[in-house]
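Novice: Listed in order, the protein sequences are those of chains A and B. Going by the UniProt record's numbering, the first residue of the first sequence is number 1, and it counts up by one from there. Going by the UniProt record's numbering, the first residue of the second sequence is number 1, and it counts up by one from there.
One should not assume that every hint holds.
[As the list claims (entries may be wrong)] Mimicking DMTMM-like on lysine to aspartate or glutamate, the simulated pairs with C-alpha atoms at most 25 Å apart in a straight line are:
#  : chain 1 : residue 1 : chain 2 : residue 2
1  : A       : 2         : A       : 57
2  : B       : 40        : A       : 52
3  : B       : 2         : A       : 57
4  : B       : 61        : A       : 15
5  : A       : 2         : B       : 69
6  : B       : 40        : B       : 52
7  : A       : 61        : B       : 19
8  : B       : 2         : A       : 19
9  : B       : 2         : B       : 34
10 : B       : 2         : B       : 60
11 : B       : 2         : B       : 74
12 : B       : 2         : A       : 31
13 : B       : 40        : A       : 43
14 : B       : 40        : A       : 60
15 : B       : 10        : B       : 60
16 : B       : 40        : B       : 15
17 : A       : 40        : B       : 57
18 : A       : 2         : B       : 57
19 : B       : 40        : B       : 57
20 : B       : 10        : B       : 34
21 : B       : 61        : A       : 34
[As the list claims (entries may be wrong)] Short derived list, chain A residues pointing at chain B, Cβ under 7 Å:
#  : residue
22 : 29
23 : 35
24 : 41
Since the hints were made in silico from the structure, they are not lab data. For clarity, every value in this text was computed on a predicted model and none was experimentally measured. Ideal placement from N, C-alpha and C gives every residue a C-beta, glycine not left out.
One-letter residues, chain by chain:
Number of protein chains: 2
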Amino acid sequence: MKARVHVMLKNGVLDPQGEAVRHALGALGFDGVEGVRQGKVIELDLAAGTTEAQVNEMCEKLLANTVIESYTVELS
Amino acid sequence: MKARVHVMLKNGVLDPQGEAVRHALGALGFDGVEGVRQGKVIELDLAAGTTEAQVNEMCEKLLANTVIESYTVELS
Numbered sequence: 001m002k003a004r005v006h007v008m009l010k011n012g013v014l015d016p017q018g019e020a021v022r023h024a025l026g027a028l029g030f031d032g033v034e035g036v037r038q039g040k041v042i043e044l045d046l047a048a049g050t051t052e053a054q055v056n057e058m059c060e061k062l063l064a065n066t067v068i069e070s071y072t073v074e075l076s
Numbered sequence: 001m002k003a004r005v006h007v008m009l010k011n012g013v014l015d016p017q018g019e020a021v022r023h024a025l026g027a028l029g030f031d032g033v034e035g036v037r038q039g040k041v042i043e044l045d046l047a048a049g050t051t052e053a054q055v056n057e058m059c060e061k062l063l064a065n066t067v068i069e070s071y072t073v074e075l076s
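Input sequences plus hints: build the corresponding full structure.
Specialist: What follows is the structure in structure tokens.
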């Protein structure tokens with residue numbers, strides 16, 4: 001089974017990487033880019049029977065810094 | 001409107017960051033993690049009327065290194 005985890009900076013946390021991308025897109029002539037947030041996506045190949053609770057625990061312990069980041073888990 | 005872009009290393013391209021995460025999860029006692037790939041997710045706030053073709057062009061020109069990375073675009 002597979003799990004996909006998205007880790008994004010929480011709203012209100014400054015995202016300098018996203019700001020740099022927004023600025024660079026403007027400089028390349030792409031108008032109308034009003035905001036950019038950049039995060040991580042982590043694709044996990046898991047043994048059958050792994051539960052969503054275990055994936056959440058991986059996020060809490062390692063994958064996300066829950067002080068400033070939020071995460072979402074999709075199993076497939 | 002919003003667009004979400006996923007940028008992942010292509011299959012066959014070594015992903016040391018993913019390998020490090022896999023190793024760290026094992027060290028934390030999470031068994032059954034067979035593979036990890038890590039990529040980027042970029043959320044764009046776009047002016048109304050921006051087309052998917054324009055977002056693809058942003059990916060080709062800036063967001064992804066298409067030599068080693070593939071990207072997918074979701075508009076919403």
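Novice: Hints first: check each against the structure and report whether it holds.
Specialist: A quick look at each hint next to the structure:
Only pairs whose Cα atoms come within 25 Å are accepted, and residue 2 of chain A paired with residue 57 of chain A is accepted, the gap being roughly 16 Å. Among the hinted pairs, residue 40 of chain B with residue 52 of chain A is consistent with the structure: their alpha-carbon atoms are about 22 Å apart, no more than 25 Å. Taken as a hint, the residue 2 of chain B and residue 57 of chain A pair is broken in the structure, with Cα atoms around 30 Å apart against an allowance of 25 Å. Annotation: proposed proximity of residue 61 of chain B to residue 15 of chain A holds, straight-line Cα distance about 21 Å (limit 25 Å).
Of the pairs offered as hints, the one joining residue 2 of chain A and residue 69 of chain B holds, with about 20 Å between alpha carbons and a cut-off of 25 Å not exceeded. Restraint check for residue 40 of chain B and residue 52 of chain B: the C-alpha separation of about 19 Å stays at or below 25 Å, so the hint holds. In summary, the hint linking residue 61 of chain A to residue 19 of chain B is supported, as the alpha carbons are separated by about 17 Å, within the 25 Å threshold. About 16 Å separates the Cα atoms of residue 2 of chain B and residue 19 of chain A, which keeps this hinted pair within 25 Å; it holds.
Between residue 2 of chain B and residue 34 of chain B the CA atoms are separated by roughly 33 Å; this puts the pair beyond 25 Å, and the hint is violated. A distance of roughly 18 Å separates the Cα atoms of residue 2 of chain B and residue 60 of chain B; the hinted pair therefore holds under the 25 Å criterion. The straight-line distance between the Cα atoms of residue 2 of chain B and residue 74 of chain B is roughly 9 Å, inside the 25 Å bound, and the hint therefore holds. Our distance criterion of 25 Å between C-alpha atoms is met by residue 2 of chain B and residue 31 of chain A, whose separation comes to about 14 Å.
Distance restraint check for residue 40 of chain B and residue 43 of chain A: the Cα-Cα separation of roughly 11 Å lies within the 25 Å cut-off, and the hinted pair is therefore satisfied. About 19 Å separates the Cα atoms of residue 40 of chain B and residue 60 of chain A, which keeps this hinted pair within 25 Å; it holds. Among the hinted pairs, residue 10 of chain B with residue 60 of chain B is consistent with the structure: their alpha-carbon atoms are about 15 Å apart, no more than 25 Å. Only pairs whose Cα atoms come within 25 Å are accepted, and residue 40 of chain B paired with residue 15 of chain B is accepted, the gap being roughly 13 Å.
Of the supplied pair hints, the one linking residue 40 of chain A and residue 57 of chain B holds, its CA atoms being roughly 21 Å apart against a limit of 25 Å. Distance check on the hinted pair: residue 2 of chain A and residue 57 of chain B sit about 30 Å apart at the alpha-carbon level, beyond 25 Å; violated. Of the supplied pair hints, the one linking residue 40 of chain B and residue 57 of chain B holds, its CA atoms being roughly 17 Å apart against a limit of 25 Å. About 18 Å separates the Cα atoms of residue 10 of chain B and residue 34 of chain B, which keeps this hinted pair within 25 Å; it holds.
The hinted pair formed by residue 61 of chain B and residue 34 of chain A meets the criterion: a straight-line CA distance of about 18 Å does not exceed 25 Å. For residue 29 of chain A, the suggested interface contact is broken, since its CB lies about 9 Å from the closest CB of chain B, more than 7 Å. Interface restraint check for residue 35 of chain A: the shortest CB-CB distance to chain B comes to about 4 Å, inside 7 Å, so the restraint holds. Evaluation of the residue 41 of chain A hint against chain B yields a held restraint, the C-beta minimum of about 5 Å falling below 7 Å.
Hint compliance for this structure: hints 3, 9, 18, 22 are broken, all remaining hints hold.
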